[in-house]
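**Student:** Single-letter residue listing:
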Amino acid sequence: MPWFRRQKPDGATSEDIEKSRALQRTFQQYRAETEEQMARDREALERGGIPDAAEQRVKNTVSGKLPWMSTLDIPDLYLADEIRMTPLVQVTGSCFYQSASDYNGRIYLDSNYDAANLVYAYYRAKNDAVDRMRQEALLAGAHAIVDAQFKFSRQQHLIECSVIGTAVRFEGVKAPAVPLVSPLSGEEFYKMLQVGWIPVSYCLGYHWHCMPVGFNTRSIQSVWNFQNQELTSMVDRFQDTRRHALQQMVSDARGGPRVDGFVGVAIRTEIEETEIRMSGGYRGGYAGFGMMGNGVTIDGAFYPYNAEGVAEVPAYNLEFFATGAGVARIGPGRLTKDALSSYLSALH
Amino acid sequence: MNEFVLVDEAGFEPLGLVMGSSIYHIGYQQSAWSKNQEMTVLSQAMYNARELAMSRMEEEADALKADGIIGVRLEVRLAEWGQHLAEFIAIGTAVRSKDGTSHRTIKNKPFTSDLSGQDFWTLMKTGYRPVSLVMGTCVYHIAHQGMMAALRQVGQNQEMTIYTQGLYDARELAMERMQQEAAELQAEGIVGVNLNESSHQWGSHVIEFFAVGTAVKRFQESQLASPSLVLPLNDSGR
Numbered sequence: 000m001p002w003f004r005r006q007k008p009d010g011a012t013s014e015d016i017e018k019s020r021a022l023q024r025t026f027q028q029y030r031a032e033t034e035e036q037m038a039r040d041r042e043a044l045e046r047g048g049i050p051d052a053a054e055q056r057v058k059n060t061v062s063g064k065l066p067w068m069s070t071l072d073i074p075d076l077y078l079a080d081e082i083r084m085t086p087l088v089q090v091t092g093s094c095f096y097q098s099a100s101d102y103n104g105r106i107y108l109d110s111n112y113d114a115a116n117l118v119y120a121y122y123r124a125k126n127d128a129v130d131r132m133r134q135e136a137l138l139a140g141a142h143a144i145v146d147a148q149f150k151f152s153r154q155q156h157l158i159e160c161s162v163i164g165t166a167v168r169f170e171g172v173k174a175p176a177v178p179l180v181s182p183l184s185g186e187e188f189y190k191m192l193q194v195g196w197i198p199v200s201y202c203l204g205y206h207w208h209c210m211p212v213g214f215n216t217r218s219i220q221s222v223w224n225f226q227n228q229e230l231t232s233m234v235d236r237f238q239d240t241r242r243h244a245l246q247q248m249v250s251d252a253r254g255g256p257r258v259d260g261f262v263g264v265a266i267r268t269e270i271e272e273t274e275i276r277m278s279g280g281y282r283g284g285y286a287g288f289g290m291m292g293n294g295v296t297i298d299g300a301f302y303p304y305n306a307e308g309v310a311e312v313p314a315y316n317l318e319f320f321a322t323g324a325g326v327a328r329i330g331p332g333r334l335t336k337d338a339l340s341s342y343l344s345a346l347h
Numbered sequence: 000m001n002e003f004v005l006v007d008e009a010g011f012e013p014l015g016l017v018m019g020s021s022i023y024h025i026g027y028q029q030s031a032w033s034k035n036q037e038m039t040v041l042s043q044a045m046y047n048a049r050e051l052a053m054s055r056m057e058e059e060a061d062a063l064k065a066d067g068i069i070g071v072r073l074e075v076r077l078a079e080w081g082q083h084l085a086e087f088i089a090i091g092t093a094v095r096s097k098d099g100t101s102h103r104t105i106k107n108k109p110f111t112s113d114l115s116g117q118d119f120w121t122l123m124k125t126g127y128r129p130v131s132l133v134m135g136t137c138v139y140h141i142a143h144q145g146m147m148a149a150l151r152q153v154g155q156n157q158e159m160t161i162y163t164q165g166l167y168d169a170r171e172l173a174m175e176r177m178q179q180e181a182a183e184l185q186a187e188g189i190v191g192v193n194l195n196e197s198s199h200q201w202g203s204h205v206i207e208f209f210a211v212g213t214a215v216k217r218f219q220e221s222q223l224a225s226p227s228l229v230l231p232l233n234d235s236g237r
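Same order as they appear, the protein sequences are chains G and S. Just so you know, we're using numbering that gives the first Met the number 0 here: the first sequence kicks off at 0 and counts up by one. Just so you know, we're using numbering that gives the first Met the number 0 here: the second sequence kicks off at 0 and counts up by one.
By construction, these hints were calculated from the structure, which means they are not laboratory data. Worth double-checking, as some hints may not be accurate.
Taking CB as the label site, the calculated pair distances span [what the hints assert, rightly or not]: (1) HIS83(S) to GLU42(G): 33 to 39 Å; (2) THR335(G) to ALA224(S): 18 to 24 Å; (3) SER221(G) to SER33(S): 29 to 35 Å.
Positions of the beta carbon are idealized from the N, C-alpha and C atoms, including for glycine.
From just these sequences and the hints, can you work out the full model?
**Tutor:** In structure tokens:
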């Protein structure tokens, strides 16, 4: 049958289409922010503040113009109610921080082959994001931020840290100068209070070390090595990386209210193959054949400088990333309102 | 099974599975390479399609004379069989109050909620009732860095405020829109807020922030007894 004689299939009629369009007209119509507003937001961030929209949202929510919102789920809310902890508003913080790199986007290493700039960038991203979240919580007059969910990501040398949590207030207790931050859920927060502990901060332990390798290490991995053998040099470096990261975590905890220990520590480690470019003046090895500038000898292998005066040395990136909740012991048993009040007052 | 019993305990009876869907063509909008901007055409498309799916699910619940829909799941699948097409599906369980009390919204629509049966029971016992599943979305183009800007940053540790500001704006717009929806329904709060960030198939510099939660309102005093601390000795993964 020719196509023009075929019956029209049952499909959407023009009335159906108009009905769908009419329905869509009843939905919220979105409006974008103006460029002037975006510029003001950037200036606010550069000054160390928070964008207008975040400030307004917090103020409108706390004043009751907008409904409160919370990341807490229903059982968490019930437990919050039980300990007279009122959720005020959802608070957020973000920071994208770029660590120093060369023209080709490669990161710099220090004389110990540690990526000090990258480590610094992680801490700045985390600290700035937490600081911005705290600014929102302070606007709300909060005592603490619970259920703070952190997200870290890295694209080459650009680090992102974003956090979202719920600002809360304890009934009848004076607000501290700086709200506490708890990455624990509402239920975990409740449990800690029941046994006399309180989560006070979110702590990060991060270290990134680059380990150049030569014949000694690589020969162990050779297909011609039929022995069971541990890569002891790598284990040593990895232990060092871990030690540095955990020391940093302790230092991070010391930057805020008193911390007696960590709970809920999550650890992520990564080892990946890479390459270090060592230029002639680099102190990373020693010059070969007694002539400055010929090359470097590392781990039993000689790597000559090329025409640009650079030696390309195979290496492993060793990364150790630990996060956890810093907790403080306040009393011997279930935390009372007086004990909590005196602890928060002492933070002024 | 547990959910069914608890929904019954909360004073509701399940009526049936309800569903709504929308297959939507997402329009086109040119983004400026080096500027942060909201992709309003895409934001509106993502919002309208989800709302259409929800409206159709509510129509099915209306046909069952339901008071509300619980356990709503809202899914988006980008179609492989057509460019710029996406399928939005809303699925839930229609319920009706056993004592005949109406729990419909001020717009005379069934209440909607993404809470499970257990959470629904707990919420009702704490004296709150769900009003509606509320949402806000924002599709945002984050600026690319120009060559000169990249060269100026060589060798420096510094914050990329243009990225931070873009992320803030996108997130704030999504949250504000969700709060606005809840305010229009005269809700007191929004619980279990989820903020999802996704790039779908628009590339790494275009992100969608989707905020979703259940708007709630207090209707009675809490009827839950004080909990006692019970710590399971088996490790259930925190």
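**Student:** Is 18 to 24 Å respected by the C-beta to C-beta distance linking THR335(G) and ALA224(S)?
**Tutor:** Holds - the Cβ-Cβ distance for THR335(G) and ALA224(S), about 21 Å, lies within 18 to 24 Å.
**Student:** Between HIS83(S) and GLU42(G), does the C-beta distance stay in 33 to 39 Å?
**Tutor:** holds, 36 Å
**Student:** Do the Cβ positions of SER221(G) and SER33(S) conform to the proposed distance bound of 29 to 35 Å?
**Tutor:** The hint (29 to 35 Å, Cβ to Cβ) is violated, given that SER221(G) and SER33(S) are roughly 50 Å apart.
Checked against the numbered hints listed earlier, the structure breaks hint 3 alone; every other hint is satisfied.
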